[in-house]
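Asker: Read off the chains here:
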Amino acid sequence: MQFDFTFLGGYWRFLLNGVLITIWLSILSIIIGLAIGLVVGTARTYGPRWLDALLSIYVDTMRSIPLLVILVWIFFALPLVSGYSMSPFIAAVVGMGLHLGAFVAELVRAGLTSIRPGQTRAALALGMSRMQAIRIVVLPQALIRMLPTFGSVLVITIKDSSLASVIAVPELMRQSQVVVGQTYRPFEVFTVALIVYFVMSWPVARAVDHWYRRIAHLGAS
Amino acid sequence: MKFDWSVIADNWPLLLQGAGVTVMLTFATMALALPGGMVLTLMRMSRLAPVRAFATGFVEFFRTTPIILQVYWVFYVLPVLIDFRASAFATGLIALTLNVSAFNSETFRSGINSIRAGQRNAALALGMSEWQALRIVIIPQAIHRVLPALASTWVSLFKDTSLVSVIAVAELSYVGLQLRSQTYRVLEVLTAMAALYWLMGYPQAKLADWVHRKFKVSE
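Chains as they are written, first to last, in the working numbering: chain A, 23 to 243; chain B, 136 to 354.
Among the hints, erroneous ones may be present.
Simulated DEER-style distance windows between Cβ atoms [as the list claims (entries may be wrong)]:
no. : chain 1 : residue 1 : chain 2 : residue 2 : range
1   : A       : 158       : B       : 349       : 30 to 38 angstroms
2   : A       : 106       : B       : 187       : 51 to 59 angstroms
3   : B       : 221       : A       : 170       : 54 to 62 angstroms
SDA-like mimics (lysine to any residue), calculated; alpha carbons at most 25 angstroms apart, straight line [to be verified]:
no. : chain 1 : residue 1 : chain 2 : residue 2
4   : B       : 349       : B       : 250
5   : B       : 341       : B       : 238
6   : B       : 349       : B       : 188
7   : B       : 351       : A       : 42
8   : B       : 341       : A       : 162
9   : B       : 341       : B       : 290
10  : B       : 349       : A       : 162
11  : B       : 351       : A       : 38
12  : B       : 351       : A       : 225
13  : B       : 341       : B       : 159
It should be emphasised that the hints constitute simulated quantities derived from the structure, not laboratory data. By construction, the Cβ of each residue, glycine as well, lies at the ideal position given by its N, Cα and C atoms.
Between the sequences and the hints, there should be enough to build the whole structure, so can you do that?
Answerer: Shown next, in the form of structure tokens:
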């Protein structure tokens, strides 16, 4: 078996386009996931009990169903119920955002509850309102403690964006499959795709670790 | 749009069979990935630098690339590289095992590192060999600490088995997606598939939560 990577020269623009869509998809999903996660996580920690019960159904459902199934359901089945069809890209952002949101919500809740209750009591004793105590005292420390896990969330997002290929979003995974279909060279194409994913995710993981080590002391109490 | 749920009743045995394969794949993968992760961990603690470098590279690579791509890679590349042909199920099992072994090794390593160095030193001072210290003193304590992380990995693995549907392993997702294209009852089939995953995944997620609470290390 001879390996020949030169034919990829003719496809680099096509694959680069896929990389850009992978990055764009990851960024949008992260933003939505963070927004949902912060609201849901805070609401579950400090909100009334009925709200916690309601939101736990959302979080645990997202934790127990594979992302693949969520994406396929949103893209193929949801339009039959709602009457609106979505583009594959929008469906992928919605599905990944909802899935990530549940993950981030658990993270936020764990971070918030890890701050000793004495801190909240001290803040209240200083005359802060409950909202101020959370915003000024608890949340900044909790966010720093969440950083390492947040790094893995970023990596998970980049990796999971490859599942959008199943609903034909033209991201890196999908584009690689197309190139394989045209050239019948799965070895070369998939190996290059693996390396590109590694090059995207690994520095993110290391950078967050590095950054965390520099500011970890701010989260210690 | 009218929905016709009889398609689920008609194809119920097929869906259940798919669910069975999903469960089997989860158990088989974890059964192989526990020793796999242990071997990788020992390799990462080895005295030989090349062994350490290989194991670390392996773990980092499998942790930072998409499983779906790993599945494709094992499916297309392994037969070419080492002239090895396996069934779709075996191929999927290999890909998932490689991936989960990498995650398990990271779990084991942090579990072992979480046991204070003084314990190892004390064991060595008592005349134990390096291996005895690991086996008798460190590992029994580390097991409790790695259980929560293993439980989380288990839940992820259960969901990740859906990805081997891309190489036509007849687990739940594959069966569901096939049924969808054969019957055109898109909403009914996909909803039934999601519901089956939910029914199986929800108790596992709750069990993982319980393990986390039970074996939590308090500061």
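Asker: All the hints need checking, so say for each whether the structure fits it.
Answerer: Each hint, compared with the structure:
1. Taken as a hint, the range 30 to 38 angstroms holds for the pair residue 158 of chain A and residue 349 of chain B, whose Cβ atoms sit roughly 34 angstroms apart.
2. For the pair residue 106 of chain A and residue 187 of chain B, the beta carbons lie near 54 angstroms from each other, so the given range of 51 to 59 angstroms is met.
3. Between residue 221 of chain B and residue 170 of chain A the C-beta distance comes to about 37 angstroms, which lies outside the given range of 54 to 62 angstroms.
4. Taking the CA atoms of residue 349 of chain B and residue 250 of chain B, the gap is about 19 angstroms. The hint holds against a cut of 25 angstroms.
5. Restraint check for residue 341 of chain B and residue 238 of chain B: the C-alpha separation of about 21 angstroms stays at or below 25 angstroms, so the hint holds.
6. Simply put, residue 349 of chain B and residue 188 of chain B have alpha-carbon atoms about 35 angstroms apart, too far for the 25 angstroms limit, and the pair is violated.
7. At roughly 41 angstroms between alpha-carbon atoms, residue 351 of chain B and residue 42 of chain A are farther apart than 25 angstroms, so this suggested pair is violated.
8. With a C-alpha separation of about 29 angstroms, the suggested pairing of residue 341 of chain B with residue 162 of chain A is violated against the 25 angstroms cut-off.
9. Restraint check for residue 341 of chain B and residue 290 of chain B: the C-alpha separation of about 10 angstroms stays at or below 25 angstroms, so the hint holds.
10. Using a Cα cut-off of 25 angstroms, the hinted pair residue 349 of chain B and residue 162 of chain A is violated, with the two alpha carbons roughly 28 angstroms apart.
11. A distance of roughly 44 angstroms separates the Cα atoms of residue 351 of chain B and residue 38 of chain A; the hinted pair therefore is violated under the 25 angstroms criterion.
12. Restraint check for residue 351 of chain B and residue 225 of chain A: the C-alpha separation of about 30 angstroms exceeds 25 angstroms, so the hint is violated.
13. With a CA separation close to 20 angstroms, the supplied pair residue 341 of chain B and residue 159 of chain B stays within the 25 angstroms bound.
The earlier numbered hints that this structure contradicts are 3, 6, 7, 8, 10, 11 and 12.
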